[in-house]
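Undergrad: Protein chains in written order, with our numbering: chain A, 3 to 515; chain B, 44 to 247.
Simulated from the structure, these hints should not be mistaken for laboratory data. Yeah, the Cβ is synthetic: ideal placement off N, Cα and C, and Gly gets one too. Just so you know, not all the hints are guaranteed correct.
What the hints assert, rightly or not - Covered, in the sense of this in silico footprint (three residues per stretch, anywhere, with C-beta under 8 Å from a C-beta of chain A), are these stretches of chain B:
id	stretch
1	71–82
2	106–114
3	123–129
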Amino acid sequence: MIRAARLLSFLTGFLSLSQEILWVRFAGFSYHGAPQAFGMILGLYLLGIAVGAGIGKRYCSSGHNLFRVAGILLFTAGVLDAFFPFLATEAFGVSNTMGTVVLFACVVITSLIKSKIFPIAHHLGAATSGGKVGSSVSKVYFANIVGSTFGPLVTGFVLLQVLTLQQCFMLMAGLTLLTAAYCWHVAAAPSRRFVLAGSIAVTILLLLLPGVLLPRLVAGTSSYFQGTFRSAVENRYGIIHLLDTPDGDVTVFGGNAYDGTLNIDFMRDSNWISRLYALATVKPKPARVLVIGMSAGSWTRVLSSFPGVERIDVVEINPGYKEIIGQYAAVSPLLNDPLVHMHFDDGRRWLKRHPGETYDLIVMNTTFHWRAYSTILLSREFLGLLREHMNPDAVLAYNSTFSWDVFKTASVVFPEVYTFGNFVIAGEKLTLPPEEEAIARMAALTLDGRQMLETSKPEVLLKLRETIHRFEPFATVCDEKEKSGHRPLEVITDQNMLTEFRYGKSIFFAAER
Amino acid sequence: MYEHKKVDEVVLYCVFFLSGVSALIYQVAWQRLLFGTFGVDVESITIVVSTFMLGLGCGALAGGQLADRFGGRVIQLFALCELGIGLFGALSPFLIPAVGERFMQCQLPVIALVNFLLILLPATFMGATLPMLVAHLFRRTGNVGISIGSLYLFNTLGAALGAFATGTVLFVVLTLDQAIYLAAAGNFAVATIIFLGLRREVTA
């Protein structure tokens with residue numbers, strides 16, 4: 003009986019923490035990576051655990067067969083576990099508020115029911131005689147924590163790599179039903195074989211359900227872009243999905259936040275790729291280029307057209323993008339380009355581990371400034387690290403996503419900072435060439451032996467002239483901002499994380515439709 | 044004898060609630076510190092979460108053994124654990140980045156081991172507190188399920204508050220290090236309340 007209680011404690015820990023990992027991913031996706039999502043789900047989960055443990059203790063003095071009670075509780079949990087992800091998804095389809103209310107309720111109920119088992123398992127597994135209460139309780143608790151350790155490891159590392167989010171949810175629901183069947187067996191309750199066979203059959207059926215969760219969730223939570231769900235790559239690093247837009251573009255999303263559009267055409271410019279072309283005016287012949295955040299590769303493909311490029315190091319955290327790049331002719335040559343060296347790693351860690359690597363041009367495809375961990379790439383400390391990897395006349399360019407604090411931070415690290423739309427362009431010394439020279443530099447971009455810009459066409463020339471006049475010194479923009487009543491701009495640091503928390507979006511706003 | 048040294052049950056629940064608040068502030072804040080140092084990929088996240096849990100497990104085993112061995116003095120041990128957590132917490136803003144810089148160039152298994160050793164001590168102390176208090180409270184209730192259910196309820200409610208507050212309030216008004224110092228202050232407050240409570244009961 004004591005061993006069965008320890009096993010029950012292990013299994014509920016495993017299932018509970020696995021489910022938490024899945025809900026964190028679900029919420030992170032639904033709220034487009036808002037930094038509050040993790041703490042909110044963790045808090046709700048703990049709230050459910052607290053209330054569940056409080057209720058569960060009452061069973062311990064009720065005189066019931068506690069394994070049977072555990073079986074009934076886990077059976078209920080398993081049914082709800084299978085149902086809740088779809089319920090929350092559909093609720094987000096109604097409205098953000100409805101989605102949030104239902105999601106929060108689902109998370110609390112999920113954890114509450116399983117945590118009712120916690121005091122029951124400890125009661126069943128404790129030796130209350132012989133002065134061994136402490137050690138016997140600790141062994142049941144230890145089993146629970148071992149389960150809680152393996153839950154994130156197995157689910158976060160293995161299951162999310164080989165199964166979709168929906169399949170992981172269904173697998174956990176099935177395993178919960180199987181644990182209920184085990185309790186039913188230990189309790190010597192009636193119809194034990196039938197319950198076991200039924201649980202196995204339901205688990206298999208749940209795993210075979212068609213993959214509807216992600217497309218429905220995308221439809222319910224896409225706030226900025228209209229489009230038709232095309233495909234997705236799900237792995238342990240996250241979820242990347244693609245939409246077909248009404249304009250005929252393919253748009254890429256990482257963690258349900260806009261990542262880029264598959265386009266390298268200057269004139270089409272549906273992804274503001276002209277920002278990359280414009281870099282040729284300030285850095286016409288970069289020998290060594292570093293790209294942090296490859297996404298679907300449009301930027302890197304354009305950078306490979308710069309004259310004089312000898313090497314492009316690309317650091318990307320999610321290897322799933324490689325799979326997407328391989329599917330589209332506009333960017334797929336990157337995979338066989340001898341100049342391009344891909345490193346699947348965290349950007350900051352990669353730089354710290356390669357202190358000797360220096361570059362002439364560094365480009366960062368930074369995500370929205372309000373998303374979780376954006377500080378890691380936007381802070382003063384990180385820009386200082388980048389500066390150590392820049393040659394004396396190197397240029398750094400990255401996306402501010404229209405946060406003026408991002409520009410301000412760059413201005414305290416680099417003497418020269420320009421704005422180019424939402425791009426930060428910074429360096430030790432930046433010189434903007436005369437108009438004709440700037441056009442000549444952009445016209446020199448060639449890809450696979452073909453000139454990227456047909457400067458003989460008047461419309462191309464017109465757009466080129468418009469493009470090169472978009473550079474503005476940040477000092478001027480900053481003065482205008484502050485005169486217009488904007489709050490004083492602040493410097494982002496690893497300590498204040500201000501674009502994520504102080505001035506970031508709340509999870510409620512992040513998912514506004 | 045230990046009847047004299049029993050701290051009032053309500054106070055016990057309150058301090059365990061506060062301990063839970065601090066624990067979750069640490070978890071969220073240490074994650075940020077460790078991610079900034081070692082990287083924000085799934086390997087780092089898994090290492091941090093699993094290490095935290097494993098430390099809690101080791102602490103649970105040790106706490107149970109200590110609770111049986113020290114019997115009536117288990118409440119003092121609990122207060123010492125809180126003191127230990129608070130001391131580590133107060134040092135962690137210096138310790139974690141310094142250790143991270145030192146081992147940055149190492150391979151993943153070494154980084155995992157370093158993470159484990161860093162978090163092991165405070166997580167062990169945290170894990171030890173529950174069986175200690177269960178053993179202490181069991182002497183009064185005579186029912187393990189009820190004792191652990193009540194304690195777990197308050198500790199986890201505190202943890203839930205810590206998790207909510209860190210992302211929505213603390214990181215808005217405080218820096219990362221300041222949030223950690225606040226958590227450490229919580230641990231010191233718990234230890235102080237327990238020691239003061241014991242002193243009052245002994246002199247009563």
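Undergrad: Against this structure, judge whether each hint is valid.
TA: Outcome of the hint check:
1. 71–82: holds (count 6)
2. 106–114: holds (count 7)
3. 123–129: violated (count 0)
Against the hints set out earlier in the document, a violation occurs for number 3 only.
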